[in-house]
Amino acid sequence: MAAQETFAYAALVVQIVLLVLFATCTEYTPMGKASAQTAQEQLELAAYYPMFQDVHVMIFVGFGMLMTFLHKYGFSSVGLNFFIAAVALQVALFWNAFWHNAVHGDWSHKITLDVKALITGDFGAGAVLISFGALLGKVTPLQLLVVCVVELCWYALNEVLGATVLLAVDMGGSMYVHTFGAYFGLACSRMLCPAPKATDNADNKSSKTSDQFAMIGTIFLWMFWPSFNGALAFNTNAPGSQQRVVVNTVLALAACCISAFAASALLRGDRKFDMVDIQNATLAGGVAVGSSADLVIEPWGAVVVGMVAGIVSVAGYVHVSPWLEEKLGVTDTCGVHNLHGMPGLIGGIGGAISAASATSDMKGYDADAIAHIFPGRGAPPADVTDAESWTYKTYNRNAGKQGAFQFFALLTTLGMALCGGAFTGWLVGKVGGGDPGTMFDDKVYWEVPGEDHDEEGGGGGGAAEVELSSV
Amino acid sequence: MAAQETFAYAALVVQIVLLVLFATCTEYTPMGKASAQTAQEQLELAAYYPMFQDVHVMIFVGFGMLMTFLHKYGFSSVGLNFFIAAVALQVALFWNAFWHNAVHGDWSHKITLDVKALITGDFGAGAVLISFGALLGKVTPLQLLVVCVVELCWYALNEVLGATVLLAVDMGGSMYVHTFGAYFGLACSRMLCPAPKATDNADNKSSKTSDQFAMIGTIFLWMFWPSFNGALAFNTNAPGSQQRVVVNTVLALAACCISAFAASALLRGDRKFDMVDIQNATLAGGVAVGSSADLVIEPWGAVVVGMVAGIVSVAGYVHVSPWLEEKLGVTDTCGVHNLHGMPGLIGGIGGAISAASATSDMKGYDADAIAHIFPGRGAPPADVTDAESWTYKTYNRNAGKQGAFQFFALLTTLGMALCGGAFTGWLVGKVGGGDPGTMFDDKVYWEVPGEDHDEEGGGGGGAAEVELSSV
Amino acid sequence: MAAQETFAYAALVVQIVLLVLFATCTEYTPMGKASAQTAQEQLELAAYYPMFQDVHVMIFVGFGMLMTFLHKYGFSSVGLNFFIAAVALQVALFWNAFWHNAVHGDWSHKITLDVKALITGDFGAGAVLISFGALLGKVTPLQLLVVCVVELCWYALNEVLGATVLLAVDMGGSMYVHTFGAYFGLACSRMLCPAPKATDNADNKSSKTSDQFAMIGTIFLWMFWPSFNGALAFNTNAPGSQQRVVVNTVLALAACCISAFAASALLRGDRKFDMVDIQNATLAGGVAVGSSADLVIEPWGAVVVGMVAGIVSVAGYVHVSPWLEEKLGVTDTCGVHNLHGMPGLIGGIGGAISAASATSDMKGYDADAIAHIFPGRGAPPADVTDAESWTYKTYNRNAGKQGAFQFFALLTTLGMALCGGAFTGWLVGKVGGGDPGTMFDDKVYWEVPGEDHDEEGGGGGGAAEVELSSV
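Residue numbers (my numbering), protein chains in the order written: chain P, 1 to 471; chain V, 1 to 471; chain E, 1 to 471.
Okay, chain P solo, but in the shape it has when bound (with noise of 0.2 Å):
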C-alpha cells in the first residue's frame, strides 16, 4: 500500500515543520523566576486547567466515540480522529498566530504556550473535526491530513478577522468553530465524493454496539458543552460572564434534549426514537446557544433557543439531508448540517440579535460591563490612535452596530467556509482518493480481527484474511 507509506513520510513531515516552529517561534509563559506567581495568577490557572481538560475529552472521546456509529468504521473513526486531532491542535496554534501577526502587522511577539493555548488549539481541532463528520468514510489518511493542514489555514484567517477586525464575539464558537467547520466540510464532500457514488454503500449504517459506543460520545459531549462554551470566559473584568455561560448553555442542552426526543418521535415515520436524533441532535442546543452564552439572554431565553435548537435539528435529519443529498450531491455522513450547520447559523443569529439588545440603558449593566463583554461598545485601545482610521472609528459602537457586526461576521463565516472547503476538496481530489468500494470500511486500511462468534464460527482470522486480500 503506497498510499500508507505517503501518509506516514507525510506525517512526520508535519510534526517535523512544527518541531521546527515550536522551536523558533514558541515560548512558556513568563514563570521561570524567582518571585512566586501572585494568587490571582494560581487561581487563573486553577480556573483554566479544569476546563481545558473537559473541552479535551469533547475532542477525542467526544467526537471520537460519537463518530463510531458507523458499524465496520470503528476504529478509523476513532484512530483518525485520535491522530487527525493531535496535528490540528498544533498546527492551529500556528496558522491563528500567523493570520493574528499578519492582519495586525506586528510579528514582533513569540507565541506564548500556557494552558489557554492549548484550549484554542483544541477549538481549531474542533472544527476540523466537524468537517471530518462530512467525509468520514470517504477519504484516506492522506486526505484528511492535507484537508486538517488546509483547512486550519481558512479556520485562522476567519476568527482572526471576525473576533479581532470585525470585533464580533462568539465565546462557545457558533460562528468560528461550527458554522465554519459544518460548511466547510460540505462544500470539501460536495467536491470530493458528491451523491451518488459516495453513499451509496450498504456499509454507510450502524449497529446495535456501534451505536452504543456513539451513545458515550454523545454524552461526553453534552455534559462538557458549558466548558467548550465558556473555557475563555474567564475573565476578572467580565464578572459573571463564566458563570452565565454555564448556567445558560446547561439550560439550552437540557431543554434540546427533550425537544430533540419529542421531536424523534413525531418526525419519524414510525413514530420510533431514532438513534440518529438521539445521538446528534440533542448537541444541538449547546452550539446554538454559544455565541450567546456570556451575553444577557436571560435564562428563558437559552431554554427557548434549546427547544428550536433540537426540533430545527431533527428535523434535518429526517428532510434537510435528504433533499442536500439529492438536489446537491452533498453527502453527510454524520450529519454535521443538522448539529452544527443550521444550529450554528441559529447560534449566529441569536448573538446578533442579544448584541442588538444590549442597549446602553440594560439593567444591571453599566457601561463598563458592556464593554468588557463587547469590546467594540468600548473605547479603541491605547495603542489606536488614528482618530481618522477605520479601525478607531470601529470602536464606540452602539448596541445595533454591534449586532449588525455580529451578523455581518456570520455571513463572512459562511463565505469563508464555502470557498475554503470547495477549494480543499478541489485540491485533496488531486492527492487521490481510495476505491469507493472500499469506503466506510475499516479493512482498508487498518488489522482488523474477527469478532468472536466469527472465531467460534471456525472461520476467524482466516475469514478475515480473505477478505482482506479481496481488498
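Treat the hints loosely; a few may be bogus.
You can't tell identical chains apart in this list, so a pair holds if it fits in one copy or across any two.
Okay, derived cross-link-like pairs now, DSS-like style, lysine-lysine, Cα gap no bigger than 25 Å in a straight line [what the hints assert, rightly or not]:
| hint | residue 1 | residue 2 |
| --- | --- | --- |
| 1 | LYS430 | LYS116 |
| 2 | LYS393 | LYS197 |
| 3 | LYS393 | LYS110 |
| 4 | LYS116 | LYS443 |
| 5 | LYS205 | LYS443 |
| 6 | LYS401 | LYS443 |
| 7 | LYS205 | LYS327 |
| 8 | LYS272 | LYS205 |
| 9 | LYS205 | LYS110 |
| 10 | LYS110 | LYS363 |
In case anyone wonders, no lab produced these hints; they're calculated from the structure.
Go by the hints and put chains V and E onto chain P.
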C-alpha cells in the same frame, strides 16, 4: 404508535411549562455589575465547577451506562436515562423552591441560578434515576416522564422538611437521595409492575458486551462519588469539611470494592464473581458513607462503613432481592434496594450515630466548628426570634438530640418514599403501560439496527424489520 | 473452587489489616479548628482535586479499559484492575510511610490523609497495574493480590531512596512508576509464566469489539496524562512548574500520537495500522517526558521526546517483544515493555540530560528557582546540620552532579525492579497458579453470560453453561 405521540406532546408541554417558570421565577446570580468579583467569589466557581461536572458525569454516564447491562435494552437505558435526567434537573429546581417557600412561608425571592443550583438539580435527577433503576424495562417513556415530575414533588418536600425543619444534615444524600429514591422506586414498582408478570421475561438479562458497557458506568460512578458527597461541602466557615468528605468517601469506596469482590466469591453458589455484584455492590460504600462523610468519623470509621456496605449489598443481591420478589412481589430490575436502599439506611443510621457522638468536648472541634457542621447545634438564626416557637427551640441541641433528629429524618424519608412511590405507581398505572410481552426490549420504542453478524448471515435490516412488525 | 475462597479470605484479611493501620497510623489534615482555612489552603484543594480525579480516571478507566482488548478476558481485565487498584491505593500509603520513616529514622508522625496523599496512592496503583499488564490473563486473582502487596513494598523503598536520599526528581514518575512497574512485571512474568507455555494460547488476542473498548482506555489515558505528570507539581515556591508540565506533556503526547501512527503504517508488514500500536504507542510520549516535564526542556524538547518515544514504542511491539519472548522467554501480554519500559528509560535519561544542562547561568532561572526544582541543587534543609555527613554533602550540587544522581536513580530503579520482580514471581509461584488451559478466559473466575447471537441461535445461556462445565 399513539403512545409515542402522547409522550412527545407531554414532553413538549413539560418543557414549555418549565420555560414559563424560568422566565418568571429565576434570575442569574448577582454578577452583572461593573465591580469585579472578589477573589473569594472567583474561587467558589473554581471550586464548585469541577465537582459539578463530576456529578454530571455520574448522572449521565454513570447511571446511564450502568443501566445498559440489559442485553436488548441498551438504547432505552442510556437514552431514557439521558432524557429523564435532563427533565429532572430542571424540574427539581422548581419543586425545591416551591416547597422551601411553602414550608417557610416566604415567597419574596426568585430562584438564583448558578453552579450550586445546577448541582442540586443533579441531586434531584439522581433520586429519580435510582427509582428508574427499579422500574427499568417495565415502564413506557410516557410513564417514566410522569414518574419523574411527580416523584420530584415528594422528593423536594422530604428534603426541605429534613434539611430545613428537622435540621438533619445529609451531605452526600444517603437519606434524601439514595434511601428516598430506592424505596420510592420499589413501592412504585410494586404497584405498577408486580412479580411475577414483570420479571418472567427471557430478556431480563445481560450479555457479555452489555455487561462491559455497564462497567463503564460503574467505574465512573465509583471514581466521582467523592464529588457527589462533597459537591456542596465547600464552606469557608466549616474548614476542612470538603477534604474530609473526599478522604472518607475514597476510603469507604476502596474498602467496599474489596469486600464486595470477596463477598461475591463467597456468597455465590459456584464461587465465581458475578458481574451484578461487581457493577453495583462496589458502589455501596459511597452511599453508606454519604450522610457522615463530612463528619468526624475518622478514616477507620469510613473503612468499616465501606466494608460492611459491600458485604450487605452482595448479600442483598443473593438473598434479599429474590425474597422481595417472591414474598412481596417487588421487582427491582437493577437491584436498587441493594445498592441504594440498604446502604442508604446504613448511611442514615451511621449519620445519626456519628452525630450523637459529636459531643461538645470532642478533641479539636470547638462549638463554632460543630455548629457549622450541624446548624441545629448552634444558636437560632437572626430571623428566628420568638423564643417560645418550636423553630426556636429546635436549635441549641446537644449531640444526643441531633442524633435523634437525624434518625427521625431517616424514618420520615422512608415513610415519604413508600407512600409517594405507592401513590405514584397507582397514578402512573392509569396512564397505561406497555405490553408485558414487550418488556426489556428496545425494539418497541426505538429503531434498532441489526448486529454485524446478522448482516453477514444475510438477514440484516430485513430481519430486524420482521421482528419489529411482529411487535 | 477452593482457590476463590482462599482469595476471598485473603482479600478480607488484607482489608482488615489496612483497617487497623488506618485506625492507628493516620489522621486527617489539620482542619477541625474553628479558624477558617486561608485562601491559600482553599486554593490548594481547588488545584489538587481536579488533577486527582484525572489521575483516578487514568487508573480505573484508563488502565482498566485498555486491558479489555483481550476478547474473552474483558470482565477480568476491568474487574481485577478495579479490585487491585482499590487495594493498591491503600497499601501504597503505608509502605511509602514505612520506608520513609525507616530510611530517615523518624517514626514520630502519623500519616496525613488528604488529596495529596490519595494522589500518591494512585501513583503506587499505577506501578502495580503496569506490572499487571505484563501478567494479564496468566495469573489468578489470589496471585495478583500477593503481587500487589509485595510489589508496593519494593516500589516504596525504591521511591523513597530515589526521591529522598538520591534527591533525584521524577515529577511524572518515568522512573519510579513506569520503569519500575514495567521491569518488575517483566521479571515477575519471566519467573511465573515463561514462554512458550504462557502465550501459546488461541485466546491471547483481541476482537473488533474488545479493541474498541480498549480504545476508550487509551484515549482517557492520553488526555489526562498531563494531570498525572503535573498532579504533584503545584508548588507556590516553584512558579510555573505546573503550567510547564501541562504544556510539555500535551506536546509530547501529540507528537507521539503522530509518530506512532506513522511508524505503525511503516513498520507493519502490510502497511496497515495495527490497533496494538495505536492503543499503546501513542501514549509513550507521556511516559518519556515524565521525568523532565517540569524541567526547562523547552517546547521543542518535548516534541522531540514524544516523537522518538512513539517510534521506539511501535518498533518495540514489532521487533523487541517477539525477541524477548523467543530469546528470553519473557511474555508480556500488554506489551508494557514498549509502553512503559523503554519510554521510561528514555524519560529517565532525558531527565538526567536536562538536569545536567540546567546550569546556574541558565537564562531566566536564578539559583532559587533551580533549587526549588532540584532540591539537591540548594542548601541542606535546616535539620541537616552535620557538615561531615553524606546527607549534608549531597546538597549544593552543580548541574552535572545532579544529572549523575538522576542517572544513578534510574539504574537503582532498574535493579530494584528486576530483583523485586523476580523474587515476587518466585514467591507467587508458590501460591499456585491457574491451569495453562484456562488462561485468558473469564469463564474460570466469572459468571459469563452468552452473547446476543448465541441466544438467537438457540443455545444462549445453556450454551454458556456447557462451556462452563467443560472447564
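Now for the hints, and whether the structure bears them out:
1. With identical chains, the CA atoms of LYS430 and LYS116 are never at most 25 Å apart, being 36 Å at best within one copy and 54 Å at best between copies.
2. Proximity of LYS393 to LYS197 under the C-alpha cut-off of 25 Å is found in neither arrangement, the shortest distances being 51 Å within a copy and 75 Å between copies.
3. Taking the shortest Cα distances, LYS393 and LYS110 never come within 25 Å of each other, neither inside one copy (29 Å) nor across copies (42 Å).
4. For the homomeric pair LYS116 and LYS443, neither the shortest alpha-carbon distance inside one copy (39 Å) nor that between copies (46 Å) is at most 25 Å.
5. When the C-alpha separation of LYS205 and LYS443 is checked against a cutoff of 25 Å, the pair qualifies both within a copy, at 16 Å, and between copies, at 17 Å.
6. For the homomeric pair LYS401 and LYS443, neither the shortest alpha-carbon distance inside one copy (54 Å) nor that between copies (53 Å) is at most 25 Å.
7. For the identical chains of this complex, LYS205 and LYS327 are intra-copy neighbours only, at 22 Å inside a copy versus 46 Å across copies, given an alpha-carbon limit of 25 Å.
8. Taking CA atoms no more than 25 Å apart as the test, LYS272 paired with LYS205 passes in both settings, with 18 Å inside one copy and 23 Å between copies.
9. Neither within a single protomer nor between protomers do LYS205 and LYS110 lie at most 25 Å apart by alpha-carbon distance, with minima of 47 Å and 48 Å respectively.
10. Taking CA atoms no more than 25 Å apart as the test, LYS110 paired with LYS363 passes between copies only; the shortest distance there is 16 Å, against 42 Å inside one copy.
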